[in-house]
Amino acid sequence: MSESMNSKLENRRDFLKASALVAGVAVGPGVLFYGIAHSRSPEEGASSKQRWGMLIDTTKCAVGCNDCVTACNTENGLSGKTGEQDSQWIRKLNIKHLQTGVEHNLPMLCQHCENPPCVDVCPTGASMKRADGIVLVDRHICIGCRYCMMACPYKARSFVHEPLTDQNPEVPRGKGCVESCTFCVQRVDRDETPACVEACTASGHQAMLFGDLNNPESDIAKAMKTVATTEVRADLGLNTGVRYQGI
Amino acid sequence: MANNICLNQKECGKSTGFWLLLTLGGLVMLGTLSAFFFLEHHGHIKTGMTNQIVWGLPHVFAVFLIVAASGVLNVASIGSVFGKMMYKARARLSALLALTILSGGLAVLVLDLGRPDRLIVAMTYYNFKSIFALNMIFYNGFFAIVGLYLLTMMDRKLKPWYKPIGMLAFLWRLALTTATGSIFGFLVARAGYNSALYAPMFIIYSFAYGLACFIVVQAAMYKWNDIEIDEAVLCRLKNLLATFVAAALYFTAVLHLTNMYFAKQWDFERFLLSDGGIYTLLFWGGQVMLGGFLPLFLIFSPGARKQPAILLIAALLVIIGGHAQMYVTIVGGQAFPLDMFPGYAESSSFFDGVVHAYSPSIWEVMLAVGGIATTFLITTVAVRVLKFLPEDAIKDISSKVGQH
Chain W
1 MSESMNSKLE
11 NRRDFLKASA
21 LVAGVAVGPG
31 VLFYGIAHSR
41 SPEEGASSKQ
51 RWGMLIDTTK
61 CAVGCNDCVT
71 ACNTENGLSG
81 KTGEQDSQWI
91 RKLNIKHLQT
101 GVEHNLPMLC
111 QHCENPPCVD
121 VCPTGASMKR
131 ADGIVLVDRH
141 ICIGCRYCMM
151 ACPYKARSFV
161 HEPLTDQNPE
171 VPRGKGCVES
181 CTFCVQRVDR
191 DETPACVEAC
201 TASGHQAMLF
211 GDLNNPESDI
221 AKAMKTVATT
231 EVRADLGLNT
241 GVRYQGI
Chain U
248 MANNICLNQK
258 ECGKSTGFWL
268 LLTLGGLVML
278 GTLSAFFFLE
288 HHGHIKTGMT
298 NQIVWGLPHV
308 FAVFLIVAAS
318 GVLNVASIGS
328 VFGKMMYKAR
338 ARLSALLALT
348 ILSGGLAVLV
358 LDLGRPDRLI
368 VAMTYYNFKS
378 IFALNMIFYN
388 GFFAIVGLYL
398 LTMMDRKLKP
408 WYKPIGMLAF
418 LWRLALTTAT
428 GSIFGFLVAR
438 AGYNSALYAP
448 MFIIYSFAYG
458 LACFIVVQAA
468 MYKWNDIEID
478 EAVLCRLKNL
488 LATFVAAALY
498 FTAVLHLTNM
508 YFAKQWDFER
518 FLLSDGGIYT
528 LLFWGGQVML
538 GGFLPLFLIF
548 SPGARKQPAI
558 LLIAALLVII
568 GGHAQMYVTI
578 VGGQAFPLDM
588 FPGYAESSSF
598 FDGVVHAYSP
608 SIWEVMLAVG
618 GIATTFLITT
628 VAVRVLKFLP
638 EDAIKDISSK
648 VGQH
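Chain order of the listed sequences is W and U.
Residue 158 in our numbering sits at position 158 of the first sequence, and the numbers go up by one each step.
To convert a position in the second sequence, counted from 1, into our numbering, add 247.
It should be emphasised that the hints constitute simulated quantities derived from the structure, not laboratory data.
Each hint can be trusted.
Derived DEER-like restraints, expressed as beta-carbon distance ranges:
#, chain 1, residue 1, chain 2, residue 2, range
1, U, D522, W, N239, 31 to 41 Å
2, U, D522, W, S203, 35 to 45 Å
3, U, G388, W, E170, 37 to 47 Å
4, U, P589, W, T226, 23 to 33 Å
5, W, V227, U, G532, 46 to 56 Å
Source: prediction; values computed, not measured.
Where a beta carbon is used, it is the ideal one built from N, C-alpha and C, also for glycine.
Working from the sequences, and respecting the hints, build out all of it.
And the structure:
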């Protein structure tokens, strides 16, 4: 009787050992990769604790430099063509004061407003703002009505006029839908900076700074406490996530 | 006796003409569907629309029809809400046209979507802050309410409901046109829009365009049945059209005078009223002259009281002027560049700071006229199979038959 008890207990021990080993083998790499990747799981949504923003120093933005535009096109699979029907998520804008003639050079992109007019007017809710302030288009429910393009004060949105090939799998785009700068959300979710910012830094101009506006320790939050920044069309009260200095 | 009276085309036995009209409308519709499938396959790259002019000719025709649809119901509303017998006699035709014209307008809007295959998404996902989403509810409600309204006119058992549903339809149509005007009124960033005036102005426009459409269809039906319009009816309709056209001109004047008072709007007003090329020409020549002053001149000319043709020409001019107005409002409003940095001249690879060019392609034209074809086809079939002739015209025909 006691022998059979002992053998039963041993079997149970073996079973538990084997189970622990299998579980370890199964979960271990996952935990390891999670640690390496440092990114949020797809189930974990964006958090309103953060608000992503960008500070653009127009005094450092070089005339003729198009690196941010090229990097955006490469990252997001845009053709780079500049016809009237081609998509442009970011563009270099030259502004010249009508009286003094002073000129500024700056990249113009989706301003990721806190109160975005594109989101307000979208009939289906395809235009939406993530909890962390990034304004996106849900490609599954965009019907291509283009009302958001009528509403955007920055002409930041483009309509895909023709069928697309060779897309970046991380950045799905589609004929008949509206699209715009996503702050390279696929990179941001991996704790990287948008491609335009990376390219601007690599070129040595350092005109673009990206970070969490809500984090007082972030570079962007510190910079915005020390310099005067401008919101484009501040009169509209949209509280843009992209700010400019030097204008 | 009923067999001898020509109440509708079927009873008149004029089948050849009916099939001819149907073929004509069908051919235009075939062109529209071809254009739709072509654009669905190749994308909007085959249109003249761009990332600068995002709404083009299809929207001009579609919004005109939608605005006219709510306005054409006015004839029925004056009859049931305000109890005027002359209009009550025309209520059925008015309600029918409201339904058919709205069908035409919405058909074009849907066919021009980037993803028309996702119409079901538009019907199931609603962002209630969007005036566009609210419009979809208003359009669907309009079909239901006006459909019921028409039933109360046709079924004696439902007669007690005629007045309350008529009142509901009247209020609903005012809300609908308010919402249509607000599509433009709520665009905060563009100099050409962003005015609360758009809501009441579109209501007034709808009165004029809707009545003009009604007069044209009624004239065609009278001609078809070989009867003359009664002088008293003619007189009432022409005075009503004159009132609406004058009110439309008044609202247009107030909108631009308001803008001219605001320094920030001067550039836009200068563009539209003086330097805008095709838009300036269409504003003064199309909207104001052809669609405003000329119809008024014709209506008040000495012969107008006796000549139905003059009222018909005036109504056609109002319709032409209405399309010019929509072109100026929709395309002209987008052609003027966004002013992101007031006081600065802007330039970029994305056409900032320049007046945007637009020339519609043949595919767009074919798509745009599909709304008129849809309206035409449904109306032609409906007036053949059911009785939509104004009641006083039926009496007129009855007395004629009696004399013979």
